[in-house]
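Asks: Chains as they are written, first to last, in the working numbering: chain A, 1 to 287; chain B, 1001 to 1299.
Heads up, some of the hints might be wrong.
As the list claims (entries may be wrong) - With a straight-line cut-off of 16 Å between C-alpha atoms, the simulated EDC-like cross-links for lysine to aspartate or glutamate are:
id	chain 1	residue 1	chain 2	residue 2
1	B	K1095	A	D15
2	B	K1095	A	D149
3	B	K1095	B	E1191
4	B	K1246	B	D1154
5	B	K1095	B	D1186
6	B	K1246	B	D1060
Hints listed in this document are in silico derivations from the structure and should not be mistaken for laboratory results.
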Amino acid sequence: MKKKPFMKTPSGGLDREAWTTVMIWLTLVSVAMIFLAPIVYLVAASVKTMEDFHRYSFFPPPDRMTLSNFASLFSQVNFSRFLLNSLFVTCTTVTLQLLMASLGGYALACYRFRGQQGLMLMLLVSMMIPAPVMLAPLYELLFHMRLIDTHAGLIIPGLVNVLGVFLFRQAMLNIPADLVHAGRVDGAGEFGIYWHVALPVVRPTIGAFTLIAFMGTWNSFLWPQVVLQSNELFTLPIALNQLVGLYNDDYGALMAGTLLAVLPVVLLFFLLQKEFISGLTEGAVKG
Amino acid sequence: MKLNDPKIAPYVFLTPFAVIFSVFIAWPLFRSLLLSFTITSGPGAQVFVGTANYRFLLQDPDFWIAVRNTFTFVFFSLVIQVPLSLGLAMFLNRKGLWMRNALRFAFFSPHLMGLVFASILFTLLFAPRFGLVNEGLHAVTGGHWSMDTRWLSDARRVMPALVMVNLWLYVGYSMIYFLAALQGVDPQLYEAARVDGAGPFARFWNVTIPGIRHVLIFVVVISTIGGFQLFELPWLLLNNTPGPEKSGLTIVMYLYQNGFVSGDLGYASAIGWTLLLLVFCVSALQLKLSGSLRKESMA
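All chains, full assembly: derive it from the sequences and hints.
Replies: Below is the structure:
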């Protein structure tokens, strides 16, 4: 903590500007430690035995650490089933969202057609509509479609991602018209141009959108809570909410489950980190 | 008709999206307006009752508790979140800062946990006797803060607890937006202001704020729309209840309880449309206010 931050000062010593930077740095580090404490707690709690749980605030000594919490998740509850359910529902949703959003964004960015302005306006307004307004009629609709308590009932209504359409439109506006035109001259079909010309150009947006869409579906709670009834179909958020009641005192297992549930998102973030930050803020900063 | 015609292609490309949008967004939205004028017991059994749901809603004390809680949550979340995340972003944007990327990741990392899993984690962190929140406050206050402080079972502390978790999740997220916006402000503007003798506060008000205005409005509006939909956080933190004295009851939670616990989809839809109107009014007000912000800072 006493380490001095690296500073490029013209005079070599620490002038007033530099001291301000040191103070700012120390403030940031303190706030960062507060932000990280719950995460460290989560990791620590998942490797503590039940009797050590209250004895150590964070990590126990290494020889007292255990993986039994993880083992009990897989032996006592059907955790692997919930994990697979979540992975299946999320990957299917994200892939289809990606296709539809990028196709829609391409249509809006690289073509001029009748009804375009009206469509854009309608999509913009629809982004301000709180999703719970549709909860009751959606339930009714899926009931009549006999999709209640199925994964399809979870996936299909979640396929529309309006934000995604705008992200892709924004990115694809930068595609030079000449490039599209050249594709046509070469005899490529309209879909071929989208697939071979437009998509490769917007790779960062694909990365960013994949992460945003993944997180949105992975963490989805309200809709699955309404649609799913059978235990064996549960996704992780629904399953863990039940475990809170089930594992009354076995906090270790609950925290191990929470940690495992978060891990896929973290892994994906590290894979797509660069695209994510640029893709996320691009639309907002330019718009 | 050739699908490959550039005049036809955009319609073809938009078709899958448009179909799903019409069936699962536009139609349910329209349908919920119709439903809100009926009383239902589960899907299928409906009686038209005119505006009775809305009239009942306006006299329903629980609904007003939910409205008050939701507004309190949105207000305090915004008032703390926006300055805090902007402040952190400005600090992080400072030249020659050591470990900038690591710090940025530290602030952002809670967002990766997601609302649901963070709520489950915080049920433990808020626990009396051994919870990390009490432990931290106990240490910082030199032992004055009681370890027995109840957060989630004390009606007075439920709202502060909700705001705290929300800050933990979203401060780093809005900070990313602000950081990107700050990096887009032309440094020469700061130099020019400095030459004109503008102090740090004047530079902040006349250069920084106009420079990041779009992002500022964006963050405020999306945080407001998100805040009005508060449900998972209290529902999971408070063990699937509205909490002591309904201190954690929100509009969406009330909608969920009426529609899917009591089974009255009509009343739930009336709550939904009221929520929709509230969100539109507040967002419109914010956009109007931000318009006057521009005039002031340009003058």
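Asks: Each hint should be assessed against the structure and marked as holding or not.
Replies: Results of checking the hints against the structure:
no. : hint              : verdict
1   : B:K1095 - A:D15   : holds (14 Å)
2   : B:K1095 - A:D149  : violated (54 Å)
3   : B:K1095 - B:E1191 : holds (14 Å)
4   : B:K1246 - B:D1154 : holds (11 Å)
5   : B:K1095 - B:D1186 : holds (14 Å)
6   : B:K1246 - B:D1060 : holds (14 Å)
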